[in-house]
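A.B. asks: Since each chain sits alone in its own frame, please combine them into the complex, following the hints.
Here the protein sequences line up with chains A and B, keeping their order. For the first sequence, the positions run 825 to 1016 when this note's numbering is used. For the second sequence, the positions run 11 to 224 when this note's numbering is used.
The hints are simulated quantities; they were obtained by calculation from the structure and are not laboratory data. Keep in mind it's a predicted model, so treat the numbers as computed, not measured. C-beta: ideal position from N, C-alpha, C; glycine also. Among the hints, a few may not be true.
[Claimed, not checked] Interface residues of chain B toward chain A, partial, derived using beta-carbon atoms under 8 Å: (1) Gln34; (2) Arg41; (3) Arg42; (4) Leu49; (5) Pro53; (6) Asn143; (7) Leu161; (8) Arg163; (9) Cys164; (10) Ser169; (11) Arg192; (12) Arg193; (13) Met194.
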Amino acid sequence: MGPDESETLIGRIVDNEATGDDRRRFEQLADSDTDLWRRLALDQIDMGLLAGRVREATAAAEWVDVTPAGGRRNLALAFSGWAAVLVLAASWALVAGTGDPTQRLTTSRLDRAAAPEPQQVLGPRDHLREYLASEFVVGELDMIVLETEPLEPGRHRVWYIRRIEEVIDIDTPLEAAIDGVKLTIDPAEVRH
Amino acid sequence: MGQRHSVDEPLIERARDGHSVAQQELWRVHRRWVAAIILAHRPRSVEVEDLLQDVAVKFIDKLHTLREAPAFRPWLRQIALNVCRGAARSSRTTLRLGQCRDDGDGRDIGTVAEPASDEADVQLRAEQRDAANRLMQQALGLPLAYREPLLLRCLRSMSYQQISDVLELPVTTVETRLARARRMLREELRQLDGSFDDRTDLNGGRTDVPSTTE
Chain A
825 MGPDESETLI GRIVDNEATG DDRRRFEQLA DSDTDLWRRL ALDQIDMGLL AGRVREATAA
885 AEWVDVTPAG GRRNLALAFS GWAAVLVLAA SWALVAGTGD PTQRLTTSRL DRAAAPEPQQ
945 VLGPRDHLRE YLASEFVVGE LDMIVLETEP LEPGRHRVWY IRRIEEVIDI DTPLEAAIDG
1005 VKLTIDPAEV RH
Chain B
11 MGQRHSVDEP LIERARDGHS VAQQELWRVH RRWVAAIILA HRPRSVEVED LLQDVAVKFI
71 DKLHTLREAP AFRPWLRQIA LNVCRGAARS SRTTLRLGQC RDDGDGRDIG TVAEPASDEA
131 DVQLRAEQRD AANRLMQQAL GLPLAYREPL LLRCLRSMSY QQISDVLELP VTTVETRLAR
191 ARRMLREELR QLDGSFDDRT DLNGGRTDVP STTE
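Chain B with its partners taken away, still in its complex shape (with noise of 0.2 Å):
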């Protein structure tokens, strides 16, 4: 495994030491990627914000028992695993109790309400969004191995260092597993669409481009 980096060891200590303002720092720097890490295992009928309101609390009430400041970024990891393996226990009873609130097939992914301006831009825009749904509901349903590197690289401050930190993987294990996890989501994609390439480009146009050669 490679050496950890990019790990604030002194705020993480002041944090662990009970500094309330460095403990309310080092959960906004790392936040949002431990919302990314409960997108990729989340059960789908519990919203991410819910659970994240549960790290949170678990992060304050436990940040004592960390013992080695590097290793604080795959402790947060695991109590953000443990924290949605909770919902999903409580998930699959209100499932067997008929009260799930997501009767969809797949996962709440969320809808944001689609802005309206002229009609070429709603169109296009509702062409992004469903590109981005679609693109978004493939890589929810990749191996958990390669949804949870993907979830994280989407986010722009996390490099694969950073994410072979969280997971505990090689940075090599980390780059393989993303270049796989594009490939399929290419696969998955040229199997819905029949033909992969012939998409709507951002721009607004066709891309009318040749049919891969991979």
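So here's chain A without its partners, still in its complex pose (with noise of 0.2 Å):
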């Protein structure tokens, strides 16, 4: 395997790429070079944290989904939660703002309201975005962590809290609508 032999048996080991005959290799050659044990042991270290970081970095790929081509029937795939109320919302006050008396034109306004581009990928962000910037929406607090979990070298799973902090004006005595320091109404009933 030449001169560069301990590293790529290093690099195999770390990758889980060895074969049994390379751990077999590998060992051999530890029990005359005890130091191969401890670069083996840092390589896998920093990988693993080397990893962690990439897996964060790459980690908003598991939110951005496709919208196939034509598929303006799958819109509504592409939104989820309050954004399509959002969208509904802006199609409702265009039709009943409009005053246009031919459907045809009320129709291709609200198709243009409606649907963006038909390939059009929406990802978590653009739809916290949205909501962040929502006029009842204060600002948001730091998150608070409920656990974590080792899963690897390098890589933990952490449950947490976000807490957005909202504003509502309500008619409904206090005593109704708040139980200690838990709101008891639903402010999006409040504010319909």
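C.D. replies: Structure (structure tokens):
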């Protein structure tokens, strides 16, 4: 394997590509050079840390979906939650406010409002950005960690709560709307 | 070049024929490594997610032009490269206009809020995060020929064979480049640290190991 044999073997072990022969050969080499174990450990640590960081940096991929071409009927798949409500509300406003006697024109406007480009891709960040821009959103507080779980070297799963502060004006008595520090009414219902 | 493996040809063909479910599934299977390609090639002022969305649009738009299913990975990589190049051109224009939002001297590799618990945990996590960020910074500074396979390798799902499929390189070349990339990382870190091995270990103690004899 040449002068870089130990380096190649370490690479294969770290990358989980080593065969049984590779592992036996590595152990054989490490018998006469115990520093190889330390190098293996350090490379595993480094790759574990780097891999965790790369996974973080590419995590957004899990949220980016495609909307198939020509699939206007599939657009609903690209929208979710209250962003879909926004689109519907915009559509309704156009229909209600146009005052145009021709159904054709109304439909045309509705289509433009309700349907973005056929292949538009929306990620959670888009939805969140829109939500955070709402007039009833005051701001976001620090996230709270609930629990952590080690998955593998350099990688952890973290459960956390995002805290977003909203404000609402209510007409109902406070006793009916608040129980201790808990809001017992549905703000969306009140705003509606 | 080695034979290509692990490509789901029936899925690709169904997707190419316009089956929307197959298109969505095909994208989901491959989007993570596409993000790693973008990470390796993107201009520093542009977010991975934004570029990935552009790739997703082009993926659907151009899928019918894919000639051979086995060439799917290099084809998708080329789309990602084109999107990155386009972003780089726009980015240069923005820079000339003095409106670049990245005013740092390095890539924006993103930061994650530090979850807090007790003090020792916080310190350990901070050290791990520092080490991870430093490694990432060094990895992103590697020559492209080494950076790209290294970032792909960091995704657990990518084997040497799959990386060789994406990059259209022999497996042996991928392996050699990965080994060199790791060596370059070690050397860069050693230069930064003065003593590469004098590091805090992941168990919270000092490694206190003798310096390397490589």
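A.B. asks: Where does the structure disagree with the numbered hints, that is, which hint numbers, in rising order?
C.D. replies: 5, 13
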